[in-house]
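Asks: Build out the structure end to end from the sequences listed, making use of the hints.
2 protein chains.
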Amino acid sequence: MLSLRSYAVGRWIEGTGTPQLLLNPATEEPLAQASSDGVDLAAALDHARRIGGPALRALSFAGRGALLKSIAQAMQAHRDELLDLAVANGGNTRSDGKFDVEGAIATLFAYAEIGEKLGSAKFLVDGEGVQLGRSPRFHGQHVCVPRAGVAVHINAFNFPAWGFAEKAAAALLAGMPVLSKPATSSAMLAHRIMEILVDAKILPEGALSLLVGSPRQLPSLLGAQDVLAFTGSGDTAARIRALPNIISESVRVNVEADSLNAAVLGPDVEPGSDMYELFLTEVQRDITQKAGQKCTAIRRVVVPAAVASNVRDDLVEMLGAVRVGNPALSEVRMGPLATAAQLADARAGVQRLAAEGNLAFGSATPFAAEGVEAGTGFFISPVLVEFAAGAAASAAHAHEVFAPVASLLAYSGEAPEAAAIVARGNGGLVSSLYSDDAGWIEATVFGIAPGNGRIYLGHPKIELSPGPGTVLPQLVHGGPGRAGGGEELGGARALAFYMQRVALEGSRPVIQKLLGTQPG
Amino acid sequence: MLSLRSYAVGRWIEGTGTPQLLLNPATEEPLAQASSDGVDLAAALDHARRIGGPALRALSFAGRGALLKSIAQAMQAHRDELLDLAVANGGNTRSDGKFDVEGAIATLFAYAEIGEKLGSAKFLVDGEGVQLGRSPRFHGQHVCVPRAGVAVHINAFNFPAWGFAEKAAAALLAGMPVLSKPATSSAMLAHRIMEILVDAKILPEGALSLLVGSPRQLPSLLGAQDVLAFTGSGDTAARIRALPNIISESVRVNVEADSLNAAVLGPDVEPGSDMYELFLTEVQRDITQKAGQKCTAIRRVVVPAAVASNVRDDLVEMLGAVRVGNPALSEVRMGPLATAAQLADARAGVQRLAAEGNLAFGSATPFAAEGVEAGTGFFISPVLVEFAAGAAASAAHAHEVFAPVASLLAYSGEAPEAAAIVARGNGGLVSSLYSDDAGWIEATVFGIAPGNGRIYLGHPKIELSPGPGTVLPQLVHGGPGRAGGGEELGGARALAFYMQRVALEGSRPVIQKLLGTQPG
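Line by line, the protein sequences give chains V and A.
Following my numbering, the numbering of the first sequence begins with -13 at its first residue and continues without gaps.
Following my numbering, the numbering of the second sequence begins with -13 at its first residue and continues without gaps.
Be aware that a few hints might be false.
Which copy is meant is left open, so a pair is good if it fits within one copy or across any two.
Claimed, not checked - Quick list of in silico lysine-lysine cross-link-like pairs, DSBU-like style, CA-CA up to 35 angstroms:
1) K55 x K187
2) K103 x K499
3) K103 x K55
4) K187 x K84
5) K447 x K108
6) K499 x K447
7) K108 x K499
Calculated directly from the structure, the hints in this document are not laboratory data.
Replies: Here it is in structure tokens:
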């Protein structure tokens, strides 16, 4: 069986000890094994800091951007092979796999372009210079410089390519070396990408390392100049944040965690209208794409009570038409969950929802999927749980079920009630609104804005509308509260996490000479 | 005796239980007492969130800025009374008191001006709009909106006026209500400011509350929309950051903690030159101003070995001329420390330094101050501890002594060694460089930048040079690692902490209408 290796201190390292098995989640066939035991984590971090950091900082943004472009091109050249791994090890349909792999490539290209635009500089000038005293001689100028540590990235199982790429793109462009830790269950894709990059000798030594298997004590080894970006469950994030060194060294930690993303239908939208159809299409896509295993997927479908039964009936019909099974079959539209543990969690979550609402579609019971032996694979049907207006629905607002599961919640149609319902999620990555009523949109947008990192306004005239579940490199990804309080992407905004802002204060000619700017 | 009261839920509340005594630290005369027992903290937070937040968010930036201007003017009208309290309760000389009180007023005026410039908007448009699809119709625009919670400010004892004002200015301008908790030992000044503001009816109800006495479980009551800004010791900061709700709710916490700020003399600077004299003046000011109780004070004086004895002799002479005693006397230049506990800490710190280096000036032994009864008051002499080039000096780089105490460290004069010495502080608020050698400045600035929030470049031609110890509202204040990883001030940058950035995504005309912008 294939043994995945870690890549650190400039070489491949095979783990010792008992490895974890990586399966095909549709067939449960073992595909590979991985262990991080025996990898000297302190040496890996030290190598990245001492060798990788200086090499990246010696490059301009354009130079670092060129590296990202080469990474994207190398991935593109191996696209079909990567998609095959997404299907086999990720339980992805080919379309799901493209969402991950092509999303990764597009994000790398987007950051390559930002690097090209930032040009020959090695650090960022932040804002305008300011006169500090009575005479213009006393001058201040902020700059952002790369941090001198290592960027540790702990990624979730659902996007092994995109999660790797979107975090690495920002860190490498900022000038920080990366140690990337994919979730073990779906690590074959990230591992193969690393092999491709190492074989192509794209990056300077120490700029990019990969740890497969358990992270072990990795977060405990970070110091004041290091940063940690984590995507995964709120529970794991909480354990990381509470580590003594993370607290005492003020290690920057960015978290993307749980989110009960809401899609809200406005009171003006009539069944059958273009806006209504768009709403249904995007809800259905978010429930079933990647079997609902997207942190940005719509979990709460909030509709006016007057049309709740229409929405229910239409969604039930649409979900019923989704073919669920082995994603290696071209006619299948939804694959399995990633692991047996995820399936158990999802079933428990559906039971929690069903205890308070009504199962309008699907259930927690074992599901007979297409194209696999009966009882094989981590399959669950799409699930829609319906709640009457005013129902407590406490589980619907408090527990993210990371699966093709959504709650349908009726409300009055009034903007303040919509905002109050969205706020019960206690902070989210994205909420989406579907309405043509400018007054309702304004009241609802500003009502929900403090609790969301992104607000998507559905509109049928947007060509190839990606829906709220798609994260774009130009827009920030992250959200307050339950979502982890983090922020990634957003174009050049992403660099800030990997850089130290410094105020330079002194004589204007001295500072201008230092920064290479001309006197004004 | 005066009983300080808290101001919450729109009224003054006297604490119950055993109060803490507030003293004159020069005479140890009791001046007031304070207790927060019996104050319903949950009700105070709830009132701020429900009443204060909406009232502030209903105002434009210009409207909030006008409130700040009124606060500044009210403080200005009571300036002499406030200075008297700084002397009596803070142990400040009149000059120290001005540094605090006038710094507070200037910062409020600076943020009032920012509010005026931001004008009639109630939220910030962040960056340019971006085209997201093939057609310009699919559009993205980031905005920053006020958070819907309360901003809790826990301030340090050393700047009861400025600490209150600089934090409140940013939060109120952003649109968040404030609950301010001054350090109890020196709370008379913040308490009097609150009285002045309440009497003048400047702020909307719930916009500003004051808690005197222990914070009790205040940080444990915060949720996802609240923020906490803390200035004080790293130990207390660590306890706050580890609280379960702070972690699970992703409560934003900004920390300004310990910092071993370094002042580095370049190898080109000759004794007797203008740059050399400026360096001495600013080091001496930072050691003695507010008896060294400034988070930005120079703690490590790093000089080329070739001139180390000159610097030592000159500083010893200058420190010897400083009259230490009751700050109520006009001839006194340095007052006592704030409390008996601070004095005990400072003495222990001096002993730690002296165990590794040589006491060039002063000591940890009890100090006979001017104008007080022998043995009265929390006085310590200025202290300079000298270390030879290459000495381990581990305490000098690891323990902030919050007192008129500095370490004098010799180095080769080479920029990389200077950077390595500065980096041993593991993150700082500010470092200062004194040199006319552009090459040395460049190498040292970029060597130390990742570890510092601010870099001050001393220059004798800057009129009224404030030195590195003065925090200006235009420049960010905060630093990585030991300094807490926080960031305050920096002009409009300060607002970000109190606001949620949200990406708006959708049809361009819809978003432009929503934001009131005209189609381009």
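Asks: Check the structure against each numbered hint from earlier and tell me which ones fail, lowest number first.
Replies: none
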